[in-house]
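Asks: Take a look at the letters that make up each chain.
There are 2 protein chains.
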Amino acid sequence: MEQKSSRLLQKLSRLRREHKELINLMPLQTGGMLTEAAKEALIEFGDGYSVCDFCEGTLCNVINPPIRDFVHELLPQFLGCEVATITHGAREAKFMVMHSLAKPGDSILVDANRHYTTVVAAERTGLNIIEVPNSGHPEFRVDVSEYVPLMEKHAPKLILLTYPDGNYGNLPDARRLGEIAQGHNIPYIINGAYAVGRMPISMDEIGADFIIGSGHKSMASTGPAGVLGMKKKWEETVLRRSGKYGKKEIELLGCTIRGVPLITLMASFPYVKERVQHWDEQVSKAQWFSAELEKLGFIQLGEKPHRHDLLHFDAPVLYEISKRVRERGYFLYKELKERGIWGPQPGMAKSFKLSTFAADRQQLESVIDSFKAILNKYS
Amino acid sequence: MEQKSSRLLQKLSRLRREHKELINLMPLQTGGMLTEAAKEALIEFGDGYSVCDFCEGTLCNVINPPIRDFVHELLPQFLGCEVATITHGAREAKFMVMHSLAKPGDSILVDANRHYTTVVAAERTGLNIIEVPNSGHPEFRVDVSEYVPLMEKHAPKLILLTYPDGNYGNLPDARRLGEIAQGHNIPYIINGAYAVGRMPISMDEIGADFIIGSGHKSMASTGPAGVLGMKKKWEETVLRRSGKYGKKEIELLGCTIRGVPLITLMASFPYVKERVQHWDEQVSKAQWFSAELEKLGFIQLGEKPHRHDLLHFDAPVLYEISKRVRERGYFLYKELKERGIWGPQPGMAKSFKLSTFAADRQQLESVIDSFKAILNKYS
Chain A
1063 MEQKSSRLLQ KLSRLRREHK ELINLMPLQT GGMLTEAAKE ALIEFGDGYS
1113 VCDFCEGTLC NVINPPIRDF VHELLPQFLG CEVATITHGA REAKFMVMHS
1163 LAKPGDSILV DANRHYTTVV AAERTGLNII EVPNSGHPEF RVDVSEYVPL
1213 MEKHAPKLIL LTYPDGNYGN LPDARRLGEI AQGHNIPYII NGAYAVGRMP
1263 ISMDEIGADF IIGSGHKSMA STGPAGVLGM KKKWEETVLR RSGKYGKKEI
1313 ELLGCTIRGV PLITLMASFP YVKERVQHWD EQVSKAQWFS AELEKLGFIQ
1363 LGEKPHRHDL LHFDAPVLYE ISKRVRERGY FLYKELKERG IWGPQPGMAK
1413 SFKLSTFAAD RQQLESVIDS FKAILNKYS
Chain B
1063 MEQKSSRLLQ KLSRLRREHK ELINLMPLQT GGMLTEAAKE ALIEFGDGYS
1113 VCDFCEGTLC NVINPPIRDF VHELLPQFLG CEVATITHGA REAKFMVMHS
1163 LAKPGDSILV DANRHYTTVV AAERTGLNII EVPNSGHPEF RVDVSEYVPL
1213 MEKHAPKLIL LTYPDGNYGN LPDARRLGEI AQGHNIPYII NGAYAVGRMP
1263 ISMDEIGADF IIGSGHKSMA STGPAGVLGM KKKWEETVLR RSGKYGKKEI
1313 ELLGCTIRGV PLITLMASFP YVKERVQHWD EQVSKAQWFS AELEKLGFIQ
1363 LGEKPHRHDL LHFDAPVLYE ISKRVRERGY FLYKELKERG IWGPQPGMAK
1413 SFKLSTFAAD RQQLESVIDS FKAILNKYS
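From first to last, the protein sequence lines are chains A and B. Residues 1063 to 1441 (the working numbering) make up the first sequence, in order. Residues 1063 to 1441 (the working numbering) make up the second sequence, in order.
One or more hints might be untrue.
If chains are identical, the list can't say which one is meant, so a pair holds when it fits in one copy or spans any two.
[Stated by the list, open to error] List time: in silico DSSO-like cross-link candidates among lysine-lysine, alpha-carbon distance up to 27 Å:
id, residue 1, residue 2
1, 1412, 1385
2, 1066, 1293
3, 1434, 1396
4, 1306, 1295
5, 1215, 1434
In short, the hints are calculated from the structure, not lab data. Just so it is clear, the structure is predicted and the values come from calculations on it, not from any experiment.
Just need the whole structure built from these sequences, with the hints factored in.
Replies: Structure representation (structure tokens):
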């Protein structure tokens, strides 16, 4: 027992990351890689509670570092909303909104491609979850007009659309759902965890009531960090204050990311604001890469032509290999890692997900060549 | 508008902390200063979601980095509990427990010295808050026997004790309250945000049902980070899983600190585990420092002899000065900063709070000399 503890303690004193120098195609990670400014800020504000040096009671109103300007000026502009705040992440933002607007037993209508945390946040609130189906294999499209009959049948307190979803990178017609939601007077949440910080998006143009983004997924921030934008009319509901402590917002428990995640979110923001302007280049890069992988016998799932860097492929040819090698599904992870590439979930071979967001064309060419070499090796 | 935005963006690209090289006496910060191992880990795992490279569905079960060992082996030993998990911080842990064990309209009994977030977490859950009073100025002691009549009158679903409180650094008789809670069969939460990681503490020895700690306040971690320990019998209630996603705990929304705060918590842990063994030195240092400041005319509030590094002083002599200087209450902050010292909340002079935890005796001597010099300057 003593010996085991001391071995474990030793491991903790030197934590190293295996995947550091590799070409990163991991869908969860490609939008969350830090800028140099964020890395510097990480050390500068690493010590616990150092963002709170000049707090006068409300994190989002701190002037030094300039949190107030970031939250109250820059974020609303960026999100196309009237009021913004910061959260621990997209899932915590979803829970905040659900917990503020709905009661246990109420219903929420979500798309079938929703992230698992949408379901868990609804469970934590005690909501009935009704799903708008997708079109199934291979495109898994969500047709937003299918919200209408379900809205009329279940009278949900909230509707949510995942834009894009994390499984297929599909971009449903969010704007049309905005019109539908307004017509039915039902508050509408856009979960833009893979949109905000990658591509141009505006809550106002979509006609949603809430927009949610993820710092660690798509805003070049360390985790956990998120942003939540809303219409002014929801401010008093979602950002309602404590009866006893007038500066403290109840759903934020006073304050949320009181540490480095907020600092990296801020330090990377100028770069993130700029990079969304180049989204068309990201889309054409993803389309080119997808076409190249399809030439190797992989089948891209989700919408075609694809409009996002999140890509999901069926890979029957890899699956056949995995059945006859010692490492089973792990062979793909191992073979790619040996070639300096990190992306598909270790153990997966039947189908795999990649994101082309952080790699340039030259790196992606080396990825394509690596897939070719792996297929040759085992054929 | 454009010009203002561009000025704000420029500020974000170079975030610097003013208080970096100073002697740190800030009560919120002295227990959260990073170890060298944690600083290295910060850079290593800075990129968003890099702790999740080898996730198989549950953050607390990740093997590389060794989160599973940390959460399921080391933390329960350290906290003296059967089951542990990680949270965004102490306030989020309190909300998790309240939200799991109580319903809107239920009552919770807390000490009058509780942190404001205890109140806000209870408000978020919809609970009635009943407070056990303290003895008032100057000691503000909480006598735990006063829980008994209030427990009998209000039949609370939960009781909570702040150990120590953040205002006076008082350590009430937590163990006796453990006996009382068990006798009445009411679940008992110890909020040890200023204990866990500073001083030896064991949930089991206290006889509590839950123990809560704060990474950024007392475990040499960046924020936000917290720990929650509990009796095994509460695991299925507080860590209940999603009906749809069997690996995902509902109150954690699947997972909590998916990023560097967890990594710094782990990297600093061997040091933190060691430092609590030297708590007696911390207490004698605090007592000596308090006695020296009292010689200057400040009056230490809270328990005497004091048993914690959190110190609160009434300072009538500083208040008199603040009334006749241009900077008003800010003169103390300014004078100390010029002397390389950071601690009392800017603007406060009538009374101030300090923590002696991170400074050594030599540094504290220079603090005492600085107070003397400031008093001389204005006398």
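Asks: All the hints need checking, so say for each whether the structure fits it.
Replies: Tested hints:
no., hint, in the structure
1, 1412 to 1385, "within (10 Å within a copy, 74 Å between copies)"
2, 1066 to 1293, "between (54 Å within a copy, 23 Å between copies)"
3, 1434 to 1396, "within (15 Å within a copy, 65 Å between copies)"
4, 1306 to 1295, "within (23 Å within a copy, 33 Å between copies)"
5, 1215 to 1434, "neither (51 Å within a copy, 75 Å between copies)"
The structure is inconsistent with hint 5 alone, although it conforms to all the rest.
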